[in-house]
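2 protein chains.
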Amino acid sequence: MIDFDFVSPTKIYFGNNKEELIGQICLQGGYKRVYIVIGQGSVKRNGLLARVTDSLDKEGIKYQILEGVRPNPTIDLCHKGIEEARIFAPNLILAIGGGSVIDTAKNIAVGYFYSGNSFDFNLHIAKPKKALPIGVILTIAASGSETSNSCVIQDDEKQIKMGFNDDIVRPVFAIENPKLTYSVSKVQTAYGIVDIMMHTLERYFHASSDNEPADGFAEALLKSVIKAAKVVIDNPTDYDARAVLMLMSSLSHNGLTSIGKKMLLFVHQIEHAVSGVYPEVAHAAGLAVLFPAWAKYYVNYDVDKFNKLAMNVFDLHKKDKMENAKAGIKEIEKLFDSLDMPRTFKDLGIKNVDIKRIVNIVTNNGNRVIEHPKKNMDQEVVQTIIESCL
Amino acid sequence: MIDFDFVSPTKIYFGNNKEELIGQICLQGGYKRVYIVIGQGSVKRNGLLARVTDSLDKEGIKYQILEGVRPNPTIDLCHKGIEEARIFAPNLILAIGGGSVIDTAKNIAVGYFYSGNSFDFNLHIAKPKKALPIGVILTIAASGSETSNSCVIQDDEKQIKMGFNDDIVRPVFAIENPKLTYSVSKVQTAYGIVDIMMHTLERYFHASSDNEPADGFAEALLKSVIKAAKVVIDNPTDYDARAVLMLMSSLSHNGLTSIGKKMLLFVHQIEHAVSGVYPEVAHAAGLAVLFPAWAKYYVNYDVDKFNKLAMNVFDLHKKDKMENAKAGIKEIEKLFDSLDMPRTFKDLGIKNVDIKRIVNIVTNNGNRVIEHPKKNMDQEVVQTIIESCL
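Chains as they are written, first to last, in our numbering: chain W, 1081 to 1470; chain Y, 1081 to 1470.
If a hint is listed, it holds; no wrong ones were tucked in.
Beta-carbon label-pair distances, calculated as ranges: (1) W:L1101 <-> Y:E1164: 38 to 46 Å; (2) Y:D1247 <-> W:K1209: 22 to 30 Å; (3) Y:R1423 <-> W:K1454: 40 to 48 Å; (4) Y:K1414 <-> W:A1287: 26 to 34 Å; (5) W:K1307 <-> Y:I1167: 53 to 61 Å; (6) W:K1310 <-> Y:V1267: 43 to 51 Å.
Dumping the calculated SDA-like pairs for lysine to any residue here, alpha-carbon to alpha-carbon at most 25 Å: (7) Y:K1138 <-> W:D1083; (8) Y:K1124 <-> Y:S1263; (9) Y:K1112 <-> W:I1248; (10) Y:K1207 <-> W:Q1108; (11) W:K1454 <-> W:M1343; (12) W:K1210 <-> Y:P1089; (13) Y:K1303 <-> W:M1391.
If you are wondering where the hints come from, they were derived from the structure by calculation, not from laboratory data. Each residue gets a CB set at the ideal place from its N, CA and C atoms; glycine is no exception.
I would like the entire structure built from these sequences, with the hints used as guidance.
So this is what it looks like as structure tokens:
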């Protein structure tokens, strides 16, 4: 175990109809002016927004709404939100939605107190010193942004998608009603499952001691998610499966499965570059293509860890370590296939991948190497991985 | 999964020498006056207190010290602390020690704002409305009080030991340096291991769905603790084993292993009554006697869950479910034996157990039944369990 600081302060209100508590929660927290951030209108159409504003009205909470967050959320909308918020002067930013909406809320929360361009935080040029409190009403189990310290935003003009991690943007509360995710489409549900698994798997492959609690938590989380995934695809209104996915989303990215370990998401590094250059690529679709390629490369350098995954998550016990390790990767591929995930860049609709550009973004033109316990990810490694999934 | 609220806000600073950050942490948190609570002087003798006060002095933090917390901590010392604190007017209560010291700090933190007897909270006559922030420098891996919402205090006069649970007393930070536990004696280390396991096992036996993430986390935690226990008894300065025990202490009682489940610690109910009546009984020694007796009774009503434990934690796979379940309990007994734990009330030094009195305390003179998913704990059940371990 390495030295670390850990904090996951987000209060989770979990269960049916919990969104109707929003007025009371704001009242108790002293949040009398709430700046609400939503996506492209589905929460209006399905009545969720009205239930939320009813609850706020009942307690006399004032609010203003920013609409229009898209997947791979843009810095332009964050800037609009910061300007509006400075006039409205809220004491809470409330994200109603999934990762893109929450990350937009996070950028607004820190940009509110910053005189420069709030993309500076994402470019790691500036470090946030102050943030408005952030609350979440979660509508999709996926990004884990409802408890995480990360905020990933896209700059369309620069074609760069980048994230920063800072505990200052961890939401103060997250309301999680699994029934709100019943209507999430099959493909979006599948994307969520992939994202949750990736947050966990990528942490798993950092160095561990022989007795690493984080790895045990990661294995337990993965087993629960895989079991729920198999249920929910055929039965999208299975409460328990939806509940498992929702809660595991929140525990997959709050630091629990990397507690006492190093933490940097290997494949996310590549995917952010890919969907920065090709904004039409859904984040999880990119991950679904890249992770098996990454795994097939790294199994040659870290067979013991892949073998451990195969044994403890997929209950595979072939005699030959490498064979067993590869069988574990195969199980992940089979699961992704069952979720109708793409396998190649071609499946993603990209024919001529600008490999050099992606490699340069990931490695900062060759000036950055991503540390892996067995084999560092440099330009050559990133290029090989991308080439293997064209 | 059932509906729940979950919050575990404690920031953990984990690693070697982290206690030396205490001055900076207080400065950052705005804690300029700190009321320190310690036990019976070991932190003075081993130099820890001096290192802490040096760090506070360096940052100009004022402090006052309350010394003398004993195991099964008394309400009398809490009252003394409340009186002193009202004069000193701190903005942080800092516990340097283990569960007894932390629980004393918690009672002081809420009693500070309460005009009545602060044992009222423990008797569930009053509910705390306000608390001073609590910080912890942990010196023993055991109670989990450094992240929990529980506060257990003894009233010597009434011979009652009772706890209350309220999120208001969760510490704001816990500093955890595994090296501080190198000098913890063999028997105290063993008590800690038992306590951590019990916090986890007792949660485990509440009702679960087929896919209950909390149970997976509990199994992972137990496996890590058992592995570390086997190392640390022979090698008390094994950093990694001490680190595992320390971190698992904090995750065994913060709610993680009961997230989405009911939570009431069955055996703790009985043990608190026992050590209330017999204050010379160490909490974990009482648990070590009572849990196997409780398990051997309940395996007849809940064989599937005991069998799951045997399979997933002890890797036992006998064909007969009941045989396998009992083999799992045997493993726990063997582990407790290897830790030199008592097996009977006689081993605890109690010859004529006042069974009726203990039963009446646990069941509130027969007016209270402790709900168990398969067989509720009433007077008869509690009596049978106690009689089976005389």
